[in-house]
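First residue of the sequence shown? That's 3 in my numbering, and the numbers climb one at a time after it.
Some clues are possibly wrong.
Stated by the list, open to error - Estimated spans, in silico, between C-beta atoms of each pair:
{"hint": "1", "residue 1": "Gly181", "residue 2": "Asn31", "range": "34 to 42 angstroms"}
{"hint": "2", "residue 1": "Trp207", "residue 2": "Tyr8", "range": "44 to 52 angstroms"}
{"hint": "3", "residue 1": "Phe157", "residue 2": "Lys32", "range": "37 to 45 angstroms"}
{"hint": "4", "residue 1": "Lys182", "residue 2": "Pro115", "range": "19 to 27 angstroms"}
Stated by the list, open to error - In silico SDA-like pairs for lysine to any residue, Cα to Cα no more than 20 angstroms straight-line:
{"hint": "5", "residue 1": "Lys125", "residue 2": "Lys155"}
{"hint": "6", "residue 1": "Lys194", "residue 2": "Gln184"}
{"hint": "7", "residue 1": "Lys206", "residue 2": "Thr54"}
{"hint": "8", "residue 1": "Lys39", "residue 2": "Asn98"}
{"hint": "9", "residue 1": "Lys39", "residue 2": "Lys4"}
{"hint": "10", "residue 1": "Lys127", "residue 2": "Val90"}
{"hint": "11", "residue 1": "Lys155", "residue 2": "Leu122"}
{"hint": "12", "residue 1": "Lys11", "residue 2": "Val90"}
In short, the hints are calculated from the structure, not lab data. Every residue gets a Cβ at the ideal spot worked out from N, C-alpha and C, and that includes glycine.
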Amino acid sequence: MKIPEYLKKVRKITITPDQLIDFEIRVKNKYEKGEVKGPIHLAGNNENELITIFQYIHADDWVFVPWRNHYHALLHGYDKEQLFNSIVEGRSMGTNSLFPKFYASSLVGGIIPIALGVSLAIKLKNHDTKVWCFVGDMTMETGIFHEAYKYSKNFRLPMQWVVEDNNMSVHTPTDVAWGKKQNVPDDVIYYKYEMKYPHHGTGKWVNF
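Work out the full structure: start from the sequences and follow the hints.
Structure, rendered in C-alpha cells:
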C-alpha cells in the first residue's frame, strides 16, 4: 500500500488490530445467537492497512464507506458501545453519524455521489476539511466511480479515494465478473487483502 506524498499524518490511532478483531468477534457471536436484527458484513485481515490510513484522516474529515464499515467507524472515533448497539438493532450497513462525520450505505456505489457533493460543498464554503471515500474493487469498476473520480480531479475537490481490493464482486471474483481489472490511478490509495468472513453473515446458518 502506497500513501501519496501530499498526505501527512494528522492523528495518532490508539486502537490496536486485536481490539478491532475482538469487536467483530463480539458482533459475530451476537449474530450467531440470532440476536442481531439484520444482515452483517464483517471485516478481517485489513486491520493494519486501515490503522495506517486513518493516521492521515483528520478527526473533522468526512468518511464515506460501503457496507463493511465497522473498522472504519471505530477508527474514526465512533463510540464502540453505540456502534455495537446500532448493529444489534439492524443498522450494520447504515452506520451514520455527524460526530464523527461518517456515512455508510449498502448500495454499491451509493456513497460516491453523496461524498462528491459534500466535497464540492466543502470547497465552495472554503472549509478546511476533506472527504475520504472508501470503495471496493467491484465498485471501482462501475461508471459512477470513474465519473466521480474524474469530476473530483477536474474541479480539484478536497477528496481522497481509497480502494479496498478483496477481489470479490459479492460472491464472484472481480477479475472474472468484469473480465479484467482497471488500472488504479496513482493518487488513489489502494490495498489488497483476503476475506476472513463470507460476503455477509458468518458462514453459519442462523434462525432469527
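Consistency of the hints with the structure:
1. Gly181 to Asn31: 34 to 42 angstroms: holds, 39 angstroms
2. Trp207 to Tyr8: 44 to 52 angstroms: Once the Cβ atoms are compared, 48 angstroms apart, the range 44 to 52 angstroms for Tyr8 and Trp207 holds.
3. Phe157 to Lys32: 37 to 45 angstroms: holds, 44 angstroms
4. Lys182 to Pro115: 19 to 27 angstroms: holds, 26 angstroms
5. Lys125 to Lys155: holds, 13 angstroms
6. Lys194 to Gln184: Distance ~14 angstroms between Lys194 and Gln184 Cα, so the pair holds.
7. Lys206 to Thr54: Roughly 31 angstroms separates the two Cα atoms, so the pair is violated.
8. Lys39 to Asn98: Holds, at about 17 angstroms.
9. Lys39 to Lys4: Since the Cα atoms of Lys39 and Lys4 sit roughly 38 angstroms apart, the hinted pair is violated (cutoff 20 angstroms).
10. Lys127 to Val90: At roughly 37 angstroms apart (the allowed maximum being 20 angstroms), Val90 and Lys127 break the hint.
11. Lys155 to Leu122: With a Cα-Cα distance of about 11 angstroms, the restraint between Lys155 and Leu122 holds, given a limit of 20 angstroms.
12. Lys11 to Val90: violated, 33 angstroms
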